[in-house]
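Novice: From first to last, the protein sequence lines stand for chains E and Y. Under full-length UniProt numbering, the first residue of the first sequence carries the number 1, and numbering increases by one thereafter. Under full-length UniProt numbering, the first residue of the second sequence carries the number 1, and numbering increases by one thereafter.
Because the hints were derived from the structure by calculation, they are not lab data. Accuracy of the hints is not assured; some may be wrong.
[As the list claims (entries may be wrong)] Computed cross-link-like contacts, DSSO-like style, restricted to lysine-lysine with a CA-CA straight-line distance of at most 27 angstroms: (1) E:LYS2 / Y:LYS43; (2) Y:LYS173 / E:LYS55; (3) E:LYS55 / E:LYS2; (4) Y:LYS210 / Y:LYS39; (5) Y:LYS32 / E:LYS80; (6) E:LYS2 / Y:LYS369; (7) E:LYS22 / Y:LYS198; (8) Y:LYS210 / Y:LYS369.
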Amino acid sequence: MKFLAVCGSGLGTSFMVEMNIKQVLEELGVTGVEVSHSDLSSASPGDADVFFLAKDIAEGGEHLGEVVVLDNIIDMDELKEKVTKVAEEKNLI
Amino acid sequence: MNNVLATLIDILSQPAILVALIALIGLLAQRKNLSDTMKGTTKTFVGFLVIAAGAGILETSLVPFGDMFQEAFNVSGVVPNNEAIVALALNEYGSNTALIMFFGMIVNILIARFTRFKYIFLTGHHTLYMACMLAVIMAVAGFNTVPLIAAGSVALGIIMTLSPAILQPFMRKLTGNDNVALGHFSAVGYALSGLVGKAVKGKESTSTEKIDFPKGLGFLRDSTVSIALTMVVMYFVVALAAGPAFIEAELSDDTNYLVFSLIQAGNFAAGVFIILAGVRLVLAEIVPAFKGISTKLVPNAKPALDVPIVFTYAPNAVLIGFFSSFVGGLFSMIIMAVVGSTIILPGVVPHFFTGAAAGVFGNATGGVKGAVAGSFVNGIIISFLPVFLLPVLGDLGFANTTFSDADFGVGGIFFGTLANYAGPMAIVISLVVILVLMAIPFRSKKSA
């Protein structure tokens with residue numbers, strides 16, 4: 001299982017989201033999920049099982065497949081809720 | 001014995017090895033297991049070499065662009081791009097950059113721990129770029145070896161703290177709380193945009209988010225696309241002005257001048273793409289280590305995060321800000337052409353990111369009018385600052401590219417000018433004075 005956080009240049013924001021996803025997964029006790037980050041140009045549908053994108057670039061990432069759109073990328077509660085939902089759907093917890 | 005010393009110096013003067021060692025220290029400090037430590041150290045090592053490879057490609061594109069611009073207009077043309085200038089600078093200043101980055105982060109943690117400025121600057125690529133610029137400035141100012149690293153690191157730590165700090169009043173207004181700060185080295189432009197917004201705000205200001213605005217420019221956020229498209233436009237304009245005779249005789253080896261320009265424009269985007277991949281590898285271990293260690297040492301730290309965090313607060317202001325800032329860049333370019341100075345070309349990437357954020361802050365204080373006026377001012381600032389930054393960068397001032405965001409300009413010009421007029425000692429004194437001022441436990445009425 002692989003999660004990929006994506007932002008415009010793949011440097012700062014997606015990296016922060018990646019670190020936050022890892023923190024949430026740890027809190028949930030989920031193991032075996034690889035989390036990484038990338039820029040919008042490089043990300044392609046086969047790169048991950050689930051993609052995490054901020055709302056403002058969501059339209060640029062529709063082709064990626066299973067996309068989770070984050071309304072507020074610094075809101076840990078929102079991220080926790082959405083990651084938990086994905087983890088439940090994927091039978092990770 | 002001398003051989004050992006010489007080998008040691010050889011090792012430490014290879015920036016790729018140096019950053020790998022820094023990553024190794026970070027990984028060991030976090031007590032990572034063997035496989036994670038090996039993986040992280042190797043990736044960092046390779047990442048640095050990837051950046052150098054990208055710099056090579058970028059140079060094949062930038063050099064002919066500079067020649068064509070000179071031929072066509074008789075002045076130098078500069079395309080500001082952080083990744084480009086950093087990659088070129090790392091060839092010569094790599095080791096100093098790596099050390100300044102490492103110790104600068106420690107200074108940032110110390111300032112946050114012991115003064116009222118609780119900001120931890122987590123935008124790693126900007127830390128790297130600023131460390132690189134300071135390595136250049138301090139060398140040009142006349143420092144070397146240990147004093148150079150010391151002055152650069154203290155300056156970096158101070159900038160990492162003050163940049164989010166000056167913007168925090170506007171961040172509080174925007175986000176409605178005081179928990180998060182903005183870590184992006186164009187804060188001077190954003191704060192100014194916020195002030196301009198306040199000044200132009202009429203009796204009733206309408207937020208940008210109340211107007212219906214066309215969507216569909218999201219593809220500009222894809223940096224490869226936006227860089228390639230703008231470079232094609234710039235290359236074509238300059239190629240047409242320079243004329244086929246010059247280009248085909250001097251630069252393109254008889255290839256059609258427009259075909260040559262198209263490929264070189266693509267090469268620029270290709271170079272930046274590779275550099276970004278390298279930067280990502282280099283930072284992959286360093287940023288989480290910095291975050292983890294700072295969280296432990298500074299309990300009530302405010303994380304300063306990358307600029308897109310503010311974009312979601314006002315998506316319309318993002319687009320308005322980009323356009324208005326870009327218009328400010330074009331306006332500045334005309335003035336430069338009239339005055340006859342070096343011409344700073346408006347790059348889409350800096351205007352998109354900094355213009356967008358300036359739009360958001362301008363909107364927060366002054367609605368639509370604030371967004372338009374504030375980001376226009378931002379566009380002018382990020383165009384003119386590089387003009388004055390180039391002379392203090394030594395040989396790198398002639399690279400046809402330079403640092404694009406406002407805080408690089410302000411910081412670089414501040415230290416560079418100090419050194420020019422009063423020597424390196426003035427830099428040391430100014431750093432000490434700033435640190436002492438920051439250490440005073442003064443509280444403003446607003447934040448109390």
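Novice: Y:LYS32 and E:LYS80: Cα distance at most 27 angstroms?
Specialist: Judged against 27 angstroms, a Cα distance of about 25 angstroms means the pair holds.
Novice: Under the criterion that the straight-line Cα-Cα distance not exceed 27 angstroms, is the pair Y:LYS173, E:LYS55 satisfied?
Specialist: Holds. Y:LYS173 to E:LYS55 sits at ~21 angstroms (cutoff 27 angstroms).
Novice: Are E:LYS55 and E:LYS2 close enough, with their CA atoms no more than 27 angstroms apart?
Specialist: holds (21 angstroms)
Novice: Are the Cα atoms of E:LYS2 and Y:LYS43 separated by 27 angstroms or less?
Specialist: holds (19 angstroms)
Novice: Check the hint pairing E:LYS2 with Y:LYS369 against an upper bound of 27 angstroms on the C-alpha distance.
Specialist: violated (44 angstroms)
Novice: Check whether the Cα positions of E:LYS22 and Y:LYS198 lie no farther apart than 27 angstroms.
Specialist: It is violated: about 40 angstroms lies between the C-alpha atoms, which goes past 27 angstroms.
Novice: Check whether the Cα positions of Y:LYS210 and Y:LYS369 lie no farther apart than 27 angstroms.
Specialist: holds (13 angstroms)
Novice: Compare the distance between the alpha carbons of Y:LYS210 and Y:LYS39 with 27 angstroms, and conclude whether the hinted pair is satisfied.
Specialist: Measuring from Cα to Cα gives roughly 49 angstroms; hence the hint is violated.
Checked against the numbered hints above, the structure breaks hints 4, 6 and 7 and satisfies the rest.
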